[in-house]
Amino acid sequence: MDLLEPTRQAFALLLRGDPELLQIIWLSIWLSVTAILLISPPSIALGVLLAKRRFPGQRVLVVLVQALLSFPTVVVGLVLYLLLSRRGPFGSLELLFSPAAIVIGYMVIAFPILVVFTVSAVQGADPRVYETARGLGASGKRAALTTLWEVRFGIIAAVVTAFGRVISEVGCAIMVGGNIEGLTRNMPTAIALETSKGDFAQGIALGVVLMALALGINIVMALLQGEGGLK
Amino acid sequence: MSQALFEAVGVVRRLGGRRVLDGIELSVERGQGYVLSGDNGSGKTTLLRILAGLEAGDAGVLRFQGEQTQLPRYPDAWRLRAVYVHQHPYLFHTSVAGNIAYGLKARGEPQALQRQKVEEAIAWAGLRGVLDVPPQKLSGGEKQRVALARAKVLAPQLLLLDEPTANLDNDGRRRIVELLARLYAEGVSVLIACHDREIIELPGVRRFHLEDGRLVPLA
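Protein chains in written order, with our numbering: chain A, 1 to 231; chain B, 1 to 219.
These are calculated hints, taken from the structure and not from any lab test.
A virtual CB, placed ideally from N, CA and C, is assigned to each residue, including glycine.
Do not rely on the hints blindly, as some may be mistaken.
Claimed, not checked - No farther apart than 27 Å at their CA atoms in a straight line, the calculated lysine-lysine pairs in the DSSO-like style are these:
#1 K52(A) / K105(B)
#2 K141(A) / K117(B)
#3 K117(B) / K137(B)
#4 K197(A) / K52(A)
#5 K105(B) / K141(A)
#6 K137(B) / K105(B)
#7 K117(B) / K105(B)
To be verified - Cβ-Cβ distance ranges computed for the label pairs, FRET-style:
#8 V216(B) / Q123(A): 39 to 47 Å
#9 K105(B) / W26(A): 35 to 43 Å
#10 N167(B) / A45(A): 36 to 44 Å
#11 T69(B) / P42(A): 20 to 28 Å
#12 L113(B) / A222(A): 50 to 58 Å
#13 G204(B) / R142(A): 35 to 43 Å
#14 W30(A) / Q136(B): 49 to 57 Å
Generate coordinates for the entire structure from the input sequences, incorporating the hints supplied.
What follows is the structure, encoded as structure tokens:
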């Protein structure tokens with residue numbers, strides 16, 4: 001197979017700002033950012049709670065969330081499909097094959113990543129942080145927020161990892177989004193579709209964008225850590 | 001006779017089946033300096049942390065300016081009066097000035113007053129030269145001075161210092177001892193746990209030795 005020609009075409013598409021390509025890229029970023037913005041606050045709050053408090057069923061909850069980490073995204077898609085399909089319990093909402101369905105799927109996928117990373121970051125915090133804050137007269141809530149601020153690089157890593165996971169996710173997005181052009185077709189689903197059609201140029205172009213995004217995010221992370229995240 | 005600022009009566013702390021503190025009796029007078037000596041593991045840190053409300057005592061009574069609590073309860077309001085400085089103080093990932101201002105912010109002090117007090121504390125601790133250094137990159141002695149300034153800026157009624165000169169080089173140690181001498185001279189009530197002879201022998205200081213879970217006054 002000649003790889004040079006589709007690669008050349010891919011860069012040509014990127015350089016001339018192909019409208020269809022840009023629309024797919026924009027939709028992917030928009031759906032991923034929306035999902036991460038919506039699910040991050042409750043997930044981080046739950047992560048802090050699981051890390052700092054002891055309550056009945058806490059261990060079970062941690063194990064359940066950890067188990068969700070290894071769930072195939074296509075299974076998440078299947079469950080959501082069943083819930084959102086016309087005969088499902090939430091069928092009346094008519095969300096299936098809509099951008100909102102993809103956002104919900106992304107939120108489900110990002111949730112365990114955010115919770116587990118937050119638990120790990122907060123448990124790994126220096127115990128003197130909370131104690132020092134309390135000793136200086138901070139309320140319990142303020143001391144907890146100070147702890148979160150001190151482990152902010154771990155929290156940012158959680159958010160970035162979750163974003164990286166959802167923006168490159170294909171199984172759930174295809175199942176609940178339907179890969180509808182102009183509505184729910186995002187970068188991974190477009191790559192899968194175009195490759196199956198033998199049109200490699202657009203797939204390569206979107207692959208390059210995905211990899212550039214991943215590289216960019218990791219460079220930003222490294223720069224942030226250089227400012228004080230690395231101990 | 002003047003009323004004691006702070007009193008501990010019959011404070012007990014058990015750890016691993018051992019009574020680390022076995023009926024501590026302590027009376028702290030306003031403006032007086034105290035030094036607490038004792039072997040490693042004798043319970044000095046535990047006692048200071050109980051007095052600061054950072055660790056629960058198993059039994060005993062604490063009195064602060066006439067108010068009383070039965071351990072392990074510790075009133076939140078007392079945390080604004082008694083400040084504990086850790087042997088290896090933790091400095092937050094902000095600036096030196098941000099660290100010193102932390103407790104003032106937590107107390108909701110007006111910003112203008114915060115700035116003024118932080119400026120005074122920086123001058124007091126001789127930190128002007130390290131204001132632009134990230135706190136995590138300061139030397140042990142500098143960190144300890146930031147922690148002292150961060151505590152002193154709150155004008156606590158009782159300052160509890162845990163081994164403030166431990167693991168410091170000579171210069172760092174000398175500067176901390178100077179600051180402690182100034183604290184005493186300024187009439188701040190200070191209770192210091194330490195082994196440092198120079199601190200133990202500071203003039204006007206009352207000395208106690210912690211042995212077998214009990215406090216023994218020293219001449």
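Checked hints:
Among the hinted pairs, K52(A) with K105(B) is consistent with the structure: their alpha-carbon atoms are about 24 Å apart, no more than 27 Å. The straight-line distance between the Cα atoms of K141(A) and K117(B) is roughly 25 Å, inside the 27 Å bound, and the hint therefore holds. In summary, the hint linking K117(B) to K137(B) is supported, as the alpha carbons are separated by about 24 Å, within the 27 Å threshold. Straight-line distance between C-alpha atoms of K197(A) and K52(A) comes to about 51 Å, which puts the hinted pair past the 27 Å bound.
For the suggested pair K105(B) and K141(A), the alpha carbons sit about 14 Å apart, so the restraint of at most 27 Å is met. At most 27 Å may separate the alpha-carbon atoms for a hinted pair to count; K137(B) and K105(B) meet this at roughly 24 Å. A distance of roughly 11 Å separates the Cα atoms of K117(B) and K105(B); the hinted pair therefore holds under the 27 Å criterion. Taking the beta carbon of each, V216(B) and Q123(A) are about 41 Å apart, inside 39 to 47 Å as hinted.
Taken as a hint, the range 35 to 43 Å holds for the pair K105(B) and W26(A), whose Cβ atoms sit roughly 41 Å apart. A hinted range of 36 to 44 Å holds for the C-beta pair N167(B) and A45(A), which are about 38 Å apart. Separated by about 37 Å at the C-beta atoms, T69(B) and P42(A) break the suggested range of 20 to 28 Å. Taking 50 to 58 Å as the suggested C-beta distance range, the pair L113(B) and A222(A) does not conform, at roughly 40 Å.
Between G204(B) and R142(A) the Cβ separation comes to about 37 Å, which falls inside the hinted range of 35 to 43 Å. Evaluation of the 49 to 57 Å hint for W30(A) and Q136(B) yields a failure: the beta carbon distance comes to about 38 Å.
Violated hints, in rising order: 4, 11, 12, 14; the structure is consistent with all others.
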